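Respectively, the protein sequence lines represent chains A and B.
First residue of the first sequence: 0, per numbering that gives the first Met the number 0; consecutive thereafter.
First residue of the second sequence: 0, per numbering that gives the first Met the number 0; consecutive thereafter.
It should be emphasised that the hints constitute simulated quantities derived from the structure, not laboratory data.
Model, not experiment: these values are computed from the prediction.
C-beta atoms are modelled at their ideal positions from N, C-alpha and C, and glycine is treated no differently.
One or more of the hints may lead you astray.
Computed list of chain A residues with no C-beta within reach of chain B, every gap over 12 Å [as the list claims (entries may be wrong)]:
#, residue
1, Glu15
2, Arg37
3, Lys40
4, Val124
5, Gly150
6, Ser180
7, Pro189
8, Lys194
9, Glu217
10, Asn230
11, Lys308
12, Pro434
13, Glu515
14, Gly522
15, Gly556
Here chain B is said to cover these stretches of chain A; the calculated rule only asks that three of the stretch's residues, wherever they fall, bring their Cβ under 8 Å from a Cβ of chain B [stated by the list, open to error]:
#, region
16, 108-121
17, 406-412
Chain A residues, not near chain B, derived (Cβ > 10 Å throughout) [to be verified]:
#, residue
18, Leu129
19, Asp270
20, Leu359
21, Lys531
Residue strings, one per chain:
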Amino acid sequence: MELTGADIFVRCLADEGVEFVFGYPGGAALHIYDALYRQDKVKHILVRHEQGAAHAADGYARATGRPGVVLVTSGPGVTNTVTGIATAYMDSIPLVIFSGQVATSLIGDDAFQEVDAVGITRPCVKHNFLVKDVRDLASTIKKAFYIASTGRPGPVLVDIPKDVTAHKCEYAYPKSVSMRSYIPVSEGDPGQIRKAVDLMLSAKRPMIYTGGGIVLGEASAALTELVRLLNYPCTNTLMGLGAYPATDPLFVGMLGMHGTYEANMAMHECDVLIGIGARFDDRVTGDLNKFCPHARIIHVDVDPASISKNVPVEVPVVGAAGPVMREMIKLIKASKQQPDQAALSAWWKQIDQWRALNCLDYDHDSKLIKPQYVLEKLYEITQGDAYITSDVGQHQMWAAQYYKFDKPRRWINSGGLGTMGFGLPAAMGVKMAFPQATVCCVTGEASIQMCIQELSTCKQYDLPIKIVNLNNRYMGMVRQWQEFFYDRRYSHSYMDALPDFVKLTEAYGHVGLKIEQPGDVEGAIKEALKLKDRLVFMDFITDQTENVYPMIAAGKGHNEMHLKPCKAVVPTDRELA
Amino acid sequence: MRHTISMLLENEAGALSRVAGLFSARGYNIESLTVAPTEDATLSRLTLVTSGSEDVIEQITKQLNKLVDVVKLVDLTEGQHIEREMLLIKIKASGAARNEVNRLVQEYQGRIIDETDATCTIELTDTSSRLDAFVKAVNHADIIEVVRSGVSGIARGEKSLRV
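Okay, chain B solo, but in the shape it has when bound:
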């Protein structure tokens, strides 16, 4: 099953490689991983998406918690939560094709953030599956470049992950 695990990390050099190294050393999957500093400059927030049986997920969270740089950790999948991912996509769009692109962007509530006569670059923030759907909806031959941020997540309601 797919799990989204979110954690606060000491904002130290090498902290990210400890997390990534743990996954490769123990043979766990990482589907996506995002990390950036928080409002507290000493902390980074890292969200990763992984998959595995319940036993494997339990081991992953225990092993992550064991890393000295991991301050706090939550498996967001255990509760109600929101996930978002950002997509930047550059596609060929000249002439009549431009209308189709505009229609898709409107339907998915994206934004055109850069245009040339031949191309257009779109930004779209949504759930991963909605981004998948958008990419699928674009004519495959027209795709020049796809950039995805990986999933960020946060718990719904008053629950929070803080020090």
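Only chain A is shown next, with the shape it has when bound in the complex:
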């Protein structure tokens, strides 16, 4: 039997096993919306702004590992998703975005709500398609999911003209897909893995540095086994938090611009650096000329273009993190050569000295609410088991520093693009995927206002997210940079005329709490969590002057951190075994 393109579209999603589509209707997508109305397999979540749809699908993908799906109309519908698509692209998140397009006969005529969606999104997608013939629709959708979710994952956009959704053809969803021009790798080259293992085992001061690739590759168990087998220190990037349990003693915290003292010092002093599923981003490396000056570098990555892009690597291994680490584990177990225990124990002694500095310590006696305190309490009260989404800025860094993630896919933030407005819609996607889980959105009064309209979506779908708003009346990170680098000229970083967030939340039909005293923090979080069926917006009025430490300024190396003013810098012990 022949089906219309619109019916084929929804059948494809159902056959692909798609649970949720995050979207917003409009003219060019109306045949598809009609087809959605006439079926009950795929659930459509109506957002309030298309950017929210992209972030929600992204949050869903990050939490579940399955591709997030977005459906929007042509023109402004699709341009509004561009920030969300770029966010997913920078963090390698599998998304499939379907955009309506004007009819094929109108393309190029500057028709109403026409935009070159394929052209606009080209630089921020893994791939994109314009479907010109209904007979290509099913196979294109299959390819889109395949490309989005394999290799180094990423967003794929499929632009579908309105007439294609009206035309009819026979429907068959392809069972498999093979593309001569796209063959993702998985296993690493055995010779390269052998070389990597030899170098790893010869290390006196090893360091294991891992990123989002571990999470994306479902390789946390393999990483944990590898690190414990070797007894080497492990650091995670912002994107990799949770990939290795943060409460484990072998974990030295996050590294990079706001990484811990011990992680950054260990990076600076290590003699063998084992990078896995991380891409040597500038926020991680600091000044490249000062990066890991003593280290021979191994880099495992599924994307060959990530290897030696920023930092030259001695032993490259192209392959997925999981299979490569499992092979490493086998080789290490079978190897006669074993790590130099004396050197390793001296190395750990040094690391423990750095750790003793307690670089994340802060003022516990303040009369004002310290943002760090809120996050510590959130961690304690949720027993480290919540899904935490965040926006971008100081609150993001504090969440990364003070909430100890022991499991992957619990920490959901825009690392690469740094998209303010990500947190709330992302939390919606997570809550959709895991309705029973505690989902908190850690945000600030500036970020939250960038997608605040999604509070309405949360009401419509009963999404009891807990919003932790660290309200310092500033764009905190901008203010911090202006304090450090612009002689305290706080140009346009002050948030005046803020809304009353409690009233605003109530207007959307949720519960709002304003917390102004440190003594009320714990009670407020507990109360919010007790209200299991309600979205609660906790507006914490925090210390405006608090800064994120440690900090590596532009042009500085890992050993040149700004520490909290009260912390003296411990001299580096270069007299290591």
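Once you've looked at the hints, dock chain B against the given chain A.
Showing chain B alone in chain A's frame:
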């Protein structure tokens, strides 16, 4: 260093813009670029000339390989290869100047493909540097129009780039 990279592309709308967009987005140079379908209608052959340090060239080839539309790629500069480019040039050539033009065309093994009393149009296919030399040899004031195809390349011997 100058590199000539040749690739087989899916013959799809937009494939060329993915390649061109990659170069502008990542700040790489393109000195020339040619593209046309092959004997297999689903494939285009694209040759581009770029320059950069070894690290940059490595990144360029990796990033190109990552494009879903790129089926296969070779850096021709890594092996022995042949490069050719075609030049069409229209020059003022009346009276006595015509003799000089004829002499140059003969020397460079070009062909006069169109003539009027006042002008003559020449076709010349050779390496880019030989075309440069020809253009230089023509009196600059006499040049009306220069059209160059960009470089096409192919490996020497039995090596080939095919699916």
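These are the hints, each one checked on the structure:
1. Consistency note on Glu15 (chain A): stated as away from chain B, and its beta-carbon is indeed over 12 Å from all of that chain's, at 19 Å minimum.
2. Listed as a non-interface residue, Arg37 (chain A) keeps its Cβ farther than 12 Å from every Cβ of chain B; the least gap is roughly 32 Å.
3. The Cβ of Lys40 (chain A) lies farther than 12 Å from every Cβ of chain B, with a closest approach of about 29 Å, so its non-interface assignment holds.
4. For Val124 (chain A), the shortest C-beta to C-beta distance to chain B comes to about 10 Å, within the 12 Å cut-off, and the non-interface label is violated.
5. With a least beta-carbon separation of about 9 Å from chain B, Gly150 (chain A) fails to lie farther than 12 Å from that chain, contradicting its non-interface assignment.
6. Not every CB of chain B lies more than 12 Å from the CB of Ser180 (chain A), the least distance being 4 Å, so the non-interface label is violated.
7. With a minimum CB-CB distance of about 21 Å to chain B, Pro189 (chain A) clears the 12 Å threshold, and the non-interface call stands.
8. The Cβ of Lys194 (chain A) lies farther than 12 Å from every Cβ of chain B, with a closest approach of about 19 Å, so its non-interface assignment holds.
9. The Cβ of Glu217 (chain A) lies farther than 12 Å from every Cβ of chain B, with a closest approach of about 22 Å, so its non-interface assignment holds.
10. Annotated as non-interface, Asn230 (chain A) keeps its C-beta farther than 12 Å from every C-beta of chain B; the closest such distance is 34 Å.
11. Distance check for Lys308 (chain A) against chain B: the nearest CB is about 6 Å away, which does not clear 12 Å, and the non-interface claim fails.
12. With a least CB separation of 36 Å from chain B, Pro434 (chain A) remains clear of the 12 Å interface cut-off, as annotated.
13. Interface exclusion of Glu515 (chain A) from chain B stands, the closest Cβ pair being 47 Å apart, more than 12 Å.
14. Against the 12 Å criterion, Gly522 (chain A) stays outside the reach of chain B, whose nearest CB is about 51 Å from its own CB.
15. Every beta carbon of chain B lies more than 12 Å from that of Gly556 (chain A), the smallest distance being close to 21 Å; the non-interface claim holds.
16. Closer than 8 Å: that is the beta-carbon criterion, and the region 108-121 of chain A has 3 residues meeting it against chain B, so the requirement of 3 holds.
17. Evaluation of the coverage hint for the region 406-412 of chain A: breached, as 0 residues show C-beta separations to chain B shorter than 8 Å, against a requirement of three.
18. Against chain B, the non-interface label of Leu129 (chain A) is violated: not every CB pair exceeds 10 Å, the least being about 7 Å.
19. In this structure Asp270 (chain A) is separated from chain B by more than 10 Å, as the shortest Cβ-Cβ distance comes to about 24 Å.
20. For Leu359 (chain A), the non-interface assignment is confirmed: its Cβ lies about 37 Å from the closest Cβ of chain B, beyond the 10 Å cut-off.
21. Every CB of chain B lies more than 10 Å from the CB of Lys531 (chain A), the least distance being 45 Å, so the non-interface label holds.
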